[in-house]
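Enquirer: These are the residues of each chain, in order.
There are 2 protein chains.
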Amino acid sequence: MKKIGILGAGQLGRMLALAGYPLELDFFFYDTTGTPSVGLGNVSSDTSANLENPDLQTFIDSVDVVSYEFEHLPLQLAQHIEQKNTLHPSSRSLDVCQDRAKEKALFDRLGIPTPSYRVIDTEQGLIKAVEELGLPVVVKTTTEGYDGKGQFVIRQLEQCQEAWHTIGSRTLIVEAFVNFTRELSIIAVRATDDNIEVYPLAENQHNDGILRYSTAPAPRVDDETASQARSYAKELIHELDHVGILTLELFETEKGLVANEMAPRVHNSGHWSIEGAPCSQFENHLRAITGLPLGCTQASRPTCMINIIGEKGDIQSLLELPYAHVHLYAKEERPGRKLGHVTVQADSYEELVWRVNNVASLLPGSPEFGGYSTP
Amino acid sequence: MKKIGILGAGQLGRMLALAGYPLELDFFFYDTTGTPSVGLGNVSSDTSANLENPDLQTFIDSVDVVSYEFEHLPLQLAQHIEQKNTLHPSSRSLDVCQDRAKEKALFDRLGIPTPSYRVIDTEQGLIKAVEELGLPVVVKTTTEGYDGKGQFVIRQLEQCQEAWHTIGSRTLIVEAFVNFTRELSIIAVRATDDNIEVYPLAENQHNDGILRYSTAPAPRVDDETASQARSYAKELIHELDHVGILTLELFETEKGLVANEMAPRVHNSGHWSIEGAPCSQFENHLRAITGLPLGCTQASRPTCMINIIGEKGDIQSLLELPYAHVHLYAKEERPGRKLGHVTVQADSYEELVWRVNNVASLLPGSPEFGGYSTP
Chain U
964 MKKIGILGAG QLGRMLALAG YPLELDFFFY DTTGTPSVGL GNVSSDTSAN
1014 LENPDLQTFI DSVDVVSYEF EHLPLQLAQH IEQKNTLHPS SRSLDVCQDR
1064 AKEKALFDRL GIPTPSYRVI DTEQGLIKAV EELGLPVVVK TTTEGYDGKG
1114 QFVIRQLEQC QEAWHTIGSR TLIVEAFVNF TRELSIIAVR ATDDNIEVYP
1164 LAENQHNDGI LRYSTAPAPR VDDETASQAR SYAKELIHEL DHVGILTLEL
1214 FETEKGLVAN EMAPRVHNSG HWSIEGAPCS QFENHLRAIT GLPLGCTQAS
1264 RPTCMINIIG EKGDIQSLLE LPYAHVHLYA KEERPGRKLG HVTVQADSYE
1314 ELVWRVNNVA SLLPGSPEFG GYSTP
Chain B
964 MKKIGILGAG QLGRMLALAG YPLELDFFFY DTTGTPSVGL GNVSSDTSAN
1014 LENPDLQTFI DSVDVVSYEF EHLPLQLAQH IEQKNTLHPS SRSLDVCQDR
1064 AKEKALFDRL GIPTPSYRVI DTEQGLIKAV EELGLPVVVK TTTEGYDGKG
1114 QFVIRQLEQC QEAWHTIGSR TLIVEAFVNF TRELSIIAVR ATDDNIEVYP
1164 LAENQHNDGI LRYSTAPAPR VDDETASQAR SYAKELIHEL DHVGILTLEL
1214 FETEKGLVAN EMAPRVHNSG HWSIEGAPCS QFENHLRAIT GLPLGCTQAS
1264 RPTCMINIIG EKGDIQSLLE LPYAHVHLYA KEERPGRKLG HVTVQADSYE
1314 ELVWRVNNVA SLLPGSPEFG GYSTP
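Residue numbers (the numbering used here), protein chains in the order written: chain U, 964 to 1338; chain B, 964 to 1338.
It cannot be assumed that every hint is accurate.
Identical chains share a label here; the pair holds if one copy fits it or two copies do between them.
What the hints assert, rightly or not - 30 angstroms max Cα-Cα, derived DSSO-like pairs, lysine-lysine:
| id | residue 1 | residue 2 |
| --- | --- | --- |
| 1 | Lys1218 | Lys1091 |
| 2 | Lys1218 | Lys1301 |
| 3 | Lys1294 | Lys965 |
| 4 | Lys1047 | Lys1301 |
| 5 | Lys1091 | Lys966 |
| 6 | Lys965 | Lys1275 |
| 7 | Lys966 | Lys1301 |
| 8 | Lys1275 | Lys966 |
| 9 | Lys1091 | Lys1275 |
| 10 | Lys1294 | Lys1275 |
| 11 | Lys1218 | Lys966 |
Think of the hints as simulated: they come from the structure by calculation, not from any bench.
With these hints in hand, go ahead and build the complete structure from the sequences.
Expert: Laid out in structure tokens, this is it:
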């Protein structure tokens, strides 16, 4: 039985383990956040991520391969592990995905369109960047932040000071605002032999910077767009020599797809694949990192994933819906926290919208779903 | 988070846990066989099933409700637990299902057809039973045996002595041989409020007494047969005041359905429901025993479960089949042992047969599938 080490111990690790037990894999988690919630397998925790911690050595020695569910972990930790055991994806993927400036440079180098940007590290630099790019702009930290954290939209020049101080005076990336019709994402998985499989594009709807709805296959995607997205994902995953799942977030604009950012891991916009594809993103990640053949990534029918955020809502009523698949993460309620998700499938997008709205009506604070935007 | 105690710690407990974590359930297993293989949750073991064992008290105190994955466990253990915590299904279901004579009496009382039988406890009684029932007969122990163990088919009167000594001289049940066209099973689940849901009939193909293939919905079932099977399952589960899953095995004969035996638990012939139904037998069992609403039991499309017996076979090649869902139980190979199963779905039975045969060709020792018998 192969033993899998996972850096991070949240819901992504939990869903990896649930997908991996049927493949006779066993799981060891190493948490650096201090709040492991995985509730499965063997868990060690060290918030200092001290490389001399004997628990770390035990973790490394106990497993056949190490992966991560979370890219915001110390790069040195990943590099240290990589010297002693196999790390998939490698620390290079982590390095690039942790730093928006490196990520942008990679997009540029591969000719993948991305919003115009400047990297700045002074308030003056911010003002100059805004003048060059034009308003509005989105300001983000280069090295941290997810789910909309560490971001600021500047709509008027005088907001530069506020943005600079709110985010906290460090190296920032300033991006031209993209007038997009919708947000899409695409998930690819690559095996050690460079075999690559790609899931269909998902359409993502956010609220307050947090993903709320993800639908796959994204409705109304023409062949050219689908093919373009697949090709971007494949180029990136191949270039990074990345083994496992890689997620690329995209904006759909009138001029075509524009890359937003990527994540070197299973992704919230791929949770639909547990019920919606023959082989889920979690199973495929494990297949990839353990040298097993990749599984089928085709969507069986229109599927939507609805996040449960902040409050669990009326779970009893959710379970009464014959089409709702409920996944809870065993986490305490807290505003903005991802506590679980619900997956719904249907034979048509019309029926899917109806079902998703029924689910959303049972989740307090869920923004209206309202169907799909017309590109 | 509710804590579930399971008596037994094999693959059924494992699949219960995998279905239960997304409902925020946690699992404690109490094994009396000495060979726990569950590989998940908290496991205690006591082959003597000593009621004074402090681990047993700890197990009982740790959980909110106790269930069992296995009916061949000491009745006193179940009754002891029932005095101290909630046991679902109750010890009454266990008592009836452990004893073929009691099971038969219940079938008789509810007017559910079952093969003619005699209960005997001497070799002379066996000969008399054979004379009354006519040859061939099937001789079984009343209180033990599963997967064809502890059974003997008598085709000639002079085999009575051999049968008596082979099985081991105890209370036996002698059944008239049933000329059946195929073996079916039906799985029902009942909630504490007497709400009952029933899965579609499955067609089961055995080899050497071990289930090899299970297809649901069973092909070519007329409405009357389906309705008859549902009504038998509902009568039994209601009569037993049974909370959780109950499985009824049936013979299809020219004169209609005949009850073979039942199991007070999730069943191998229901594994197809993990992929094949919106709510699997495992999830529905957990929903029932924790007071959650029952889930949808409808089959989405023709589904076949293929058991992996004795040897694991060519798992790499199995994983290459885009339509094969592989479930391994983390057990060592041993002749006749259930090591895992593969689930296959298709849009038609013709396509299903082709896919199942592809899977079977990768499993050493698998009997030919050959499609479905014509009733």
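Enquirer: Compare the structure with the hints numbered earlier in the document and write down the numbers of the violated ones, lowest to highest.
Expert: 2, 4, 5, 9, 11
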